[in-house]
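Respectively, the protein sequence lines represent chains H and B. Residue numbers for the first sequence follow the numbering used here, so the first one is 1 and each next one is one higher. Residue numbers for the second sequence follow the numbering used here, so the first one is 1001 and each next one is one higher.
To spell it out: a stretch of chain H is covered by chain B in this simulated footprint if at least three of its residues, at any positions, have a beta carbon under 8 Å from a beta carbon of chain B; those stretches are:
id, region
1, 188-194
2, 201-215
Just a few of them, taken from the derived set where beta-carbon distance is under 8 Å, the chain B residues facing chain H:
id, residue
3, R1076
4, G1087
5, E1096
These are calculated hints, taken from the structure and not from any lab test. From a predicted model like this one, the values you see are computed outputs, not experimental measurements. Ideal placement from N, C-alpha and C gives every residue a C-beta, glycine not left out.
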Amino acid sequence: MRDDAAARAPRPQRRKDHRGPGTLMQEFLQQVLSGIASGGIYASLALALVLIYNAMGLVNFAQGEMAMFATFLAFTLIGRGMDYWIALPLTIAIAFVGGIVIQRVVIRPVERAPVLTLVIVTLGLATLINGLAGFFFGYLPRLFPSPFSVQTIDIFGAAASWQDLGVIAVSGVVLVLVFLMLQRTTVGLAMRAAAHNPEASRLLGIRVSWMLALGWGLASAVGAVSGIMVAPILYLEPNMMQTVIIYAFAAAVLGGIESPLGAVIGGLIVGVTVNLAGTYLPGVGGDLQLAVAFAIIIAVLVLKPNGLIGRRAARRV
Amino acid sequence: MALLELDGVRAGYGQTRVLHGVSMSVGDGDVVALLGANGAGKTTTLRAITGGVRWDGIINFGGRSLRRATTEAIVRMGIAHVPEGRGVLTELTVEENLRLGAYLRRDGGGVAKDYDRVFGYFPILRERRKLSASTLSGGEQQMLALARALLMRPKLLLLDEPSLGLAPLVVRSIFEIIRAVNESDRVAVLLVEQNARIALELSSRAYVLEVGRVAVEGESATLKNQESVRRSYLGY
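Turn these sequences into a full structure, and let the hints steer you where they fit.
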C-alpha cells in the first residue's frame, strides 16, 4: 500500500536518550512544518468539496478523481517538454474549463433530482474518470517531477525542506486567490448569493445556473492544484487521490462543510494533527494515519456537527 | 398601452390550480394594489409575472410576451420583485446585498448617486452596511429589500406584503418612501397587501382577488368608500 504525504515525511528514530531538548523542539517544528505542507494540499481539496457542497448541497464524490486526471494532464504536458511553471497554470485552466463542462453536461440535467440520484451520479463520475485515466495513462505508478529541491533550509534550527515550503507557497497563493475572487469581486459575490439562495438571486438578475457551473470550474481548478502538489510525494496513478480525499473530507467536515475558510483551517489542522500523530503516537505510522482522519470526522460529527465555523445545521434538502 | 398586462392567466403548483384566469393591467408610473384574502392568489400572481411558477394565458411587459422568458431575463427587462419574506440574502452583509441590487448595472456614476439616495431614504442601512443582513430587524430587512430593489432602477416594482410583521410606524415610513420613489422616478408599482386600508391610500387603482379570480376592480378612491366592497372583501 502506498504511503501518503505525511507518512513519507522524515521519520524520527525513537532514541530520546541521545537527544537534548533543543533537538526535540527542532524535530517538532519540522513535523509541524511538513504537517502544514500536507495541510495545504488537504485544504485545497477540501475547499473544492465545500465550493460544490454550497452549490448543490452535496459533496462531489468525483472531486479527487477529477484532480487526479488533471494531474495526469500536467504530467503529460511536462513529459512533452513543457516547463513546469507553464504546465501548472495551463493545467489549472484546463481543469477550470473541464469542471464547467462536467457541470453543464453531467450535473445540470439532474440538478433538481433527489439527493440520492446526485450521489449516484457523482460516484459514477468518479468511477468513469478513474477508468478513463487507467485507459489513457495506465495503472503503473509514475514518478511526478517536483520543481522544488529536496535540500533543506534552516528555519529556527529546524531543517525545512524546500519541497514542503514550495507546497505551502503554491497552495497558499492559490487559496488566497480563490478567497479574493469570492470575497472581493462581483462575480464571486454573485456566486455566493446563487449558492446560498438561488430563488432570491434569480430575482436580482443573477444567472444562477451559470454561477453554479462557475463554482464547479473553480472547485475543479483548486482540486487540480492539490493533485499536482501531492503527486511528487505519492506516486501518480489512477488511485492516487483516494487517501487524500479522506483527509480532505475530514478537513471539510471539521471546518463545517459550508465554510471555505473553515475548509482551509480544517485542512491545516488535519495535516498537522495527522503528521504529529504519525510521529509521536506509537503505532500510528503509515496506514493507521488514515484512521486519525476518520477519528476526526467521527469526533466532529458527534461533538460539534456544525464544525468549527459552521453557522447552522449542515443539512440542506 | 399598459406597461404590464395580464390576460386570462392561470397558474398553480403541481395539480393544485391557484389562478383561474386573472386579467389586469398596470400603466406606466401607476401604483396598483392587489388585494384579497389569504390564499386568493396574490403572491402567485406576482410569481407568475417573474416566472417563478408555471402559467398559461398572456403576460406582456412593455409589449413583449413573458411566455418563454426566464426569471433572470424578466428581471433584466426592468422588473424588480421583492418577494414574500423579502428575499434578503442573510448570509451576506448589508452592503453586499445592496451591491447585488446594482449587479446588472453598468453605469457606475448613476449607481453611486443611487446609493446616496437610498441611504438618504434609509440612513440605518448606511450605519449597518458592514453587518450581516441576518442581524437586521424585520423592518430593517424590509428597508434593505426595498433599497436593493430601487438600486435595480426598475420600470416596475413588485412588492409582496411590505407591511407584513412590521410596526405601524415603520409601515408608514416605508409606504411614504414607496410613494416618493413613484413620484420622483415614475416607477410603476404593483403592490400586494393584506393591509387594504393603507394600500388603497397609496394606489390609484386596485384589484381584489377572490379564489384565483378578479372579483372587483376600480379606482382606489371609489373602492375605499364603497360600503359593500369594504365589508365583503376588505374586512374593515
